[in-house]
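**Q** Residue strings, one per chain:
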Amino acid sequence: MSYLEFLGQYGPRFFDGTIITILQTILAAILAIALAFTAGLMRMSRNKAVSGVSMVYIEIFRGTSLLVQLYWIFFVLPLFGITLEKFTAGFVAVGMNLGAYGAELVRGAILSVPKGQWEAAQALNMSPAKRMIRIILPQALIIMLPPWGNLMIELLKGTALVSLIAVADLMFQAKQINGLTFQSAEAFGTALIIYYILARFILTPGMRWLERFMARKMGKA
Amino acid sequence: MFDWRWSFVWEILPKMLIATGNTLMAAGIGYAIAVVLGLVLALAQRTPIKPLTFVMRELVEFIRSTPLVLQIFFVFYVGPQFGIRLSPWTAGMIAIGLHYAAYLSEVYRGGLDSVPKGQWEAATALNLSMAHTYRRIIIPQALPPSLAGMGNYLVGIFKDTPMLSVIGVAELMHTANAIGSESYRFLEPYTMVGVIFLLISLPTAALIRNFESWVRQKLGMSK
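As they're listed, the protein sequences go chains S and E. So in the working numbering the end of the first sequence lands on 227, straight run, no missing numbers. So in the working numbering the end of the second sequence lands on 392, straight run, no missing numbers.
Extracted from the complex, chain S is given alone in its bound form (with noise of 0.2 Å):
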């Protein structure tokens, strides 16, 4: 069988695979957002407990594997009453294994805003959280954005892991493509060349625009 036949049987597959990966990419964006920004601010918090939840969540995210992360939800959780969904439970392991990491951005890019900014802001008399919102957080975010770019790549990687728990994305019809055929160079090649052109083509390029945009906003361009 030539490519262009393997393609042309198999190319659905890949395409309902892509698909999956794209959603699963796109969910566990917004919850590793969510997730960086509430627990990098939690962090940074003088109350001990806040600052200690916070940090329980990002040691135990960052010190263990993503699949650790995503069989523990899988299988173990609904030991504690909370079944999840497998597609739920994929991009929430992902989003929450990357939000630990983007916990760490949003954290250093604030700490990372000029020191006058902060004192200058405080001389308005501008209330603490007035103060985040309008000097600090827009500052810090054209500071974090290119390390947010590698983070989303990862993300994006990450996602395939979710085959293992029999999301049918990408990775999996892959591997089921690989089964029926015994064409893995095919199959797992044609794989690897789809996350390439998501990785490389859609999101890098999406990035480097938002980073422009951000930097115009911001009347820094």
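No wet-lab data here; the hints were simulated from the structure. Quick caveat, the model's predicted, so the values are computed rather than measured. Yeah, the Cβ is synthetic: ideal placement off N, Cα and C, and Gly gets one too. Wrong hints could be hidden among the right ones.
[Claimed, not checked] Derived CB-CB ranges, DEER-like:
no.	chain 1	residue 1	chain 2	residue 2	range
1	S	203	E	250	20 to 28 Å
2	E	352	S	203	38 to 46 Å
3	E	352	S	8	44 to 52 Å
4	S	120	E	298	45 to 53 Å
5	S	128	E	387	40 to 48 Å
6	E	298	S	50	49 to 57 Å
7	S	208	E	249	30 to 38 Å
[Claimed, not checked] Over the 12 Å line for every Cβ pair with chain E, so calculated as not near, a few chain S residues:
no.	residue
8	56
9	93
10	205
[As the list claims (entries may be wrong)] Straight-line distance between alpha carbons at most 35 Å, and here's what the computed DSBU-like set of lysine-lysine pairs gives:
no.	chain 1	residue 1	chain 2	residue 2
11	S	54	E	328
12	E	184	E	328
13	S	121	E	184
14	S	223	S	121
15	S	121	S	136
16	E	184	S	92
17	E	387	E	286
18	E	286	E	219
19	S	121	S	54
20	E	328	S	92
21	S	92	S	223
22	S	54	S	136
23	S	121	E	219
On the provided structure of chain S, position chain E as indicated by the hints.
**A** Chain E in isolation, oriented as in the chain S frame:
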């Protein structure tokens, strides 16, 4: 509700510890491959041969932007199609070593780029050979800025070893899966895997930070 059984924990502990040894071995071998191969990938991008530079650059980008677990499957299953049978260990080590070599080559590249141009010119003026320049002048200066990245990826490769379980390398995750499907108890084995990972990766990360500042001090660099 769940019930945590300590007796079961003690029962499976020996198996889990052996598996921990395998995990550490996998991470160690994979990292050794990555450290050497990464340097090759980084230096290959610095040759005057433009096509080689381009191919290496794209290869590194390709490896970095595709999932490791898929690469592991690829290496393991594609070999037999062309008559090369690889054991799970061999295939796993090639895949994970190559994956992290791509990451480390970027770390080295950053380190090499950070060496001021004057150092190269001075070495040329002193008539040092290329090999000598790299070994005695450039690499010692490129190393300290690379150390943080190298350390991060050492912890990273350790945390990625569970992916080797998909092709049957008997590391921690694989062992936990086997115990789980044998006994229908997943709570203890999976939790133990998590705890073992935490117990190893957190102190390692701290050690690496100390080592980094120690090297900087040794080389007379400020923090």
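**Q** Cβ-Cβ distance between residue 352(E) and residue 8(S): within 44 to 52 Å?
**A** holds, 48 Å
**Q** Check whether the Cα positions of residue 387(E) and residue 286(E) lie no farther apart than 35 Å.
**A** Holds. Residue 387(E) to residue 286(E) sits at ~23 Å (cutoff 35 Å).
**Q** Take the C-alpha atoms of residue 223(S) and residue 121(S), compute the straight-line distance between them, and say whether it is at most 35 Å.
**A** Status holds; Cα separation ~22 Å.
**Q** Residue 54(S) and residue 328(E) were given as a pair; does the straight-line alpha-carbon distance stay at or below 35 Å?
**A** holds, 29 Å
**Q** Against the 35 Å threshold, does the CA-CA distance of residue 121(S) and residue 219(E) hold or violate the hint?
**A** Since the Cα atoms of residue 121(S) and residue 219(E) sit roughly 45 Å apart, the hinted pair is violated (cutoff 35 Å).
**Q** Does residue 184(E) pair with residue 328(E) here, judged by a C-alpha cut-off of 35 Å?
**A** holds, 19 Å
**Q** Do residue 120(S) and residue 298(E) keep their Cβ atoms within the hinted range of 45 to 53 Å?
**A** Distance hint for residue 120(S), residue 298(E) holds at roughly 46 Å.
**Q** Is the nearest Cβ of chain E still more than 12 Å from the Cβ of residue 205(S)?
**A** The assertion about residue 205(S) is violated, with a minimum of 4 Å to chain E.
**Q** Just checking, residue 56(S) versus chain E, shortest CB gap more than 12 Å?
**A** At about 21 Å from chain E, residue 56(S) clears the 12 Å cut-off, so the statement holds.
**Q** For the pair supplied as a hint, residue 184(E) and residue 92(S), confirm whether the alpha-carbon distance does not exceed 35 Å.
**A** This hinted pair holds, its Cα atoms lying about 29 Å apart.
**Q** Compare the distance between the alpha carbons of residue 54(S) and residue 136(S) with 35 Å, and conclude whether the hinted pair is satisfied.
**A** Holds: residue 54(S) and residue 136(S) sit about 23 Å apart, inside 35 Å.
**Q** Beyond 12 Å from every chain E Cβ: check whether that's true for residue 93(S).
**A** holds, 18 Å
In summary, the structure is inconsistent with hints 10, 13, 21, 23 from the numbered list given earlier, while agreeing with the others.
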